[in-house]
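Colleague: Residues per chain are reported as follows:
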Amino acid sequence: MPAKKPKLAVFKFASCDGCQLSLLDAEDELLPVAGAVEIANFPEASRRVLRGPYDIGLVEGSITTPHDVERIRHIRKECKVLITIGACATAGGIQALRNWKDVKEFTRLVYASPEHISTLDRSMPVGSYVHVDFELRGCPINKYQLLEVVNAYLNKRKPNIPAHSLCIDCKTKGNICVMVAKGTPCLGPVTQVGCGAICPSFNRGCYGCFGPMENPNPASLSKQLKELEMGNHDIMLLFRGFNAYAEAFRKESDAHEK
Amino acid sequence: MKNRIIKVDQLARVEGEGAVFVKISEGKVTDVKFKIFEPPRFFEAFLRGRDYSEAPDITARICGICPVAYQMSAVTAMEDAFEIEVDGQLRELRKLLYCGEWIESHVLHIYLLHAPDFLGYEDALLLAKDQPDLVKKALRMKKIGNDLMTLIGGREIHPINVKVGGFYRVPTESELEKKLDELKWGLEGAIETAKLVNTFEFPDFEVDYEFVSLKYPHEYPLIGGRFVSSSGLDIAIREYEFHFEERHIPHSNALHSVEKGKGPYAVGPLARFNLSFDTLSETAKQVARDIGVAPVVKNPFKSIVVRAIETIHAYQEAIRIINQYEMPGQPSVEIQPQSGIGFGASEAPRGTLYHRYRVNDDGTILDAKIVPPTAQNQPTIENDLRLFVSANVDLPREKLTWKAEQAVRNYDPCISCATHFVTLEKE
Chain D
1 MPAKKPKLAV FKFASCDGCQ LSLLDAEDEL LPVAGAVEIA NFPEASRRVL
51 RGPYDIGLVE GSITTPHDVE RIRHIRKECK VLITIGACAT AGGIQALRNW
101 KDVKEFTRLV YASPEHISTL DRSMPVGSYV HVDFELRGCP INKYQLLEVV
151 NAYLNKRKPN IPAHSLCIDC KTKGNICVMV AKGTPCLGPV TQVGCGAICP
201 SFNRGCYGCF GPMENPNPAS LSKQLKELEM GNHDIMLLFR GFNAYAEAFR
251 KESDAHEK
Chain F
1 MKNRIIKVDQ LARVEGEGAV FVKISEGKVT DVKFKIFEPP RFFEAFLRGR
51 DYSEAPDITA RICGICPVAY QMSAVTAMED AFEIEVDGQL RELRKLLYCG
101 EWIESHVLHI YLLHAPDFLG YEDALLLAKD QPDLVKKALR MKKIGNDLMT
151 LIGGREIHPI NVKVGGFYRV PTESELEKKL DELKWGLEGA IETAKLVNTF
201 EFPDFEVDYE FVSLKYPHEY PLIGGRFVSS SGLDIAIREY EFHFEERHIP
251 HSNALHSVEK GKGPYAVGPL ARFNLSFDTL SETAKQVARD IGVAPVVKNP
301 FKSIVVRAIE TIHAYQEAIR IINQYEMPGQ PSVEIQPQSG IGFGASEAPR
351 GTLYHRYRVN DDGTILDAKI VPPTAQNQPT IENDLRLFVS ANVDLPREKL
401 TWKAEQAVRN YDPCISCATH FVTLEKE
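Chains D and F are the protein sequences, given in the same order.
For the first sequence, the residue numbers in my numbering are 1 to 258.
For the second sequence, the residue numbers in my numbering are 1 to 427.
FRET-style restraints, in silico, Cβ to Cβ: (1) D:Asn151 x F:Gly263: 48 to 54 Å; (2) F:Glu282 x D:Lys223: 56 to 62 Å; (3) F:Val393 x D:Glu38: 33 to 39 Å; (4) F:Lys129 x D:His131: 33 to 39 Å; (5) D:Lys251 x F:Gly49: 17 to 23 Å.
If you want a taste of the chain F side facing chain D, the calculated C-beta under 8 Å gives, among others: (6) Ile58; (7) Ile65; (8) Leu108; (9) Leu112; (10) Ala128; (11) His158; (12) Arg169; (13) Glu405.
With a straight-line Cα cutoff of 20 Å, these simulated SDA-like cross-link-like pairs (lysine to any residue) come out: (14) F:Lys163 x D:Thr184; (15) D:Lys104 x F:Arg247; (16) D:Lys173 x F:Pro171.
Since the hints were derived computationally from the structure, they do not count as laboratory data.
Glycine included, every Cβ here is placed at the ideal spot set by N, Cα and C.
Turn these sequences into a full structure, and let the hints guide you.
Modeller: See the structure below:
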């Protein structure tokens with residue numbers, strides 16, 4: 001009798017769907033993956049739901065409602081390994097911009113009848129409520145990194161996901177530094193690799209989709225940005241993007257506010 | 001038997017997404033809700049105070065399935081505010097990127113999300129066990145769209161190369177020409193797809209919709225143009241809010257759109273096809289005629305066929321643009337921010353997406369309004385559910401539940417995952 005296949009489940013919180021879509025965008029690998037695991041709960045792809053417990057749970061999205069909190073605690077109990085995927089799940093996402101504002105005011109701006117809306121004051125990463133086994137960064141995640149992480153856990157080894165700065169990848173690609181050569185503001189020196197240094201390859205500065213690298217020095221980068229005649233407000237905006245609530249970026253954006 | 005409720009058991013299984021609720025009393029449908037539980041993310045609020053140049057990247061994050069649509073509506077709205085026109089090869093490149101998104105999104109929906117309903121499978125992975133070659137072909141067709149987006153946009157989800165005024169970097173002729181062989185293969189695949197899905201069994205169900213889409217003089221609607229409707233509306237994009245309004249209702253975290261004085265309307269493939277058939281590519285028109293699909297298509301279940309015809313168009317349009325491409329001298333038009341209001345709209349795969357921004361003279365966004373296609377279709381989806389369930393109340397529980405889900409999926413809602421968990425219960 002063949003061994004029972006490990007069960008994989010995908011869960012969504014506040015997000016754009018893009019990170020879980022990465023799994024369906026792995027066109028060459030999707031059918032082999034579906035052969036290796038039992039896709040037990042993946043609403044974006046299937047109306048079939050198998051009951052937990054699950055061997056691997058992938059969680060997309062940030063926690064933004066009281067019910068989300070209950071739900072993620074329940075999901076944690078259901079999953080042997082819990083992996084958060086993407087900037088929303090690992091840092092609160094772009095919707096964490098609310099964390100600096102009065103969310104009631106936000107609700108009034110968007111909805112005519114704000115009393116119908118149930119929401120928390122802050123958009124928070126999954127890891128602030130439950131233990132997370134691995135956080136996969138990116139807005140969106142890199143699909144090959146996703147396959148690597150799932151593969152690693154299936155084979156009980158450590159995922160090979162580098163945490164160094166984007167600059168290393170950019171140099172390896174042979175890109176000319178956009179900041180040094182053209183004076184283009186770039187978060188590359190403090191941002192974790194993962195995307196393949198796409199923005200500098202397209203003559204654009206990095207805007208930090210993969211969040212802070214391991215041990216970043218954002219204050220030093222800000223100093224450099226000021227030399228490019230960037231004002232405090234623009235530096236604040238640059239750090240306060242898709243990973244705004246990740247600690248290193250949050251502190252640096254706060255330091256340049258007002 | 002007479003009193004039934006079709007509903008989503010969202011509390012236990014799908015919180016954070018969408019839901020369907022249909023109440024049947026004495027054999028009649030008495031209540032219908034297509035609920036959106038996607039938690040609010042307040043994009044319009046936090047766009048305030050951000051720089052105009054951030055709008056395409058920030059709004060892309062509203063939807064991972066159609067980020068290019070958000071980027072195109074955002075940049076054209078900003079360019080409208082600054083009174084700048086981006087045309088020629090830069091506009092062609094934008095359309096080419098958008099064709100990539102149409103191909104990816106339409107093929108995803110046709111084969112992975114919608115066809116399993118018609119073929120009686122719970123998902124395409126189970127379908128792949130019986131028909132591996134069909135699903136492999138679908139994945140290859142879809143990948144061609146993603147590859148095009150990666151080449152022009154840098155990556156397929158949330159491309160990084162779109163900016164107000166054009167692009168950060170434009171591709172060379174030879175980079176694009178390398179994609180031609182696969183695109184030609186995809187075009188043949190799309191033709192076969194249209195013929196295949198046209199053989200599916202469609203419920204006998206038609207609705208007299210008010211269709212609304214963009215319309216462009218000699219192009220099938222994609223970026224910009226005018227809003228037109230099947231009842232004769234013909235307005236500039238900037239007049240949209242005089243004719244349409246959004247309402248906030250208790251069961252939804254999305255806003256419902258209605259046409260003032262008329263009510264619900266439908267956007268998306270059927271609307272575009274019915275209002276702009278003449279501007280489809282030649283092959284798309286020919287295949288449509290060959291398989292006997294012509295305007296006005298009023299059966300929403302046939303949207304899968306129209307989506308396939310639009311996929312033919314997208315492949316053929318991509319090939320045409322590449323064949324006529326000359327690399328522009330500058331990747332973008334220079335931008336000089338000025339205070340004002342800008343309006344932009346484009347055709348996401350699932351329907352028209354409208355943006356409006358007010359900016360000040362240094363380019364800071366003062367306020368923003370975004371009307372996504374699914375919000376516009378939401379009242380129409382509820383109307384379809386009401387009519388469809390009313391006409392089929394005698395179907396067995398399991399079948400009616402599945403068909404009700406399918407009726408929602410006809411619209412390829414951005415929360416497509418939302419409606420996969422419908423259960424039918426006795427009241």
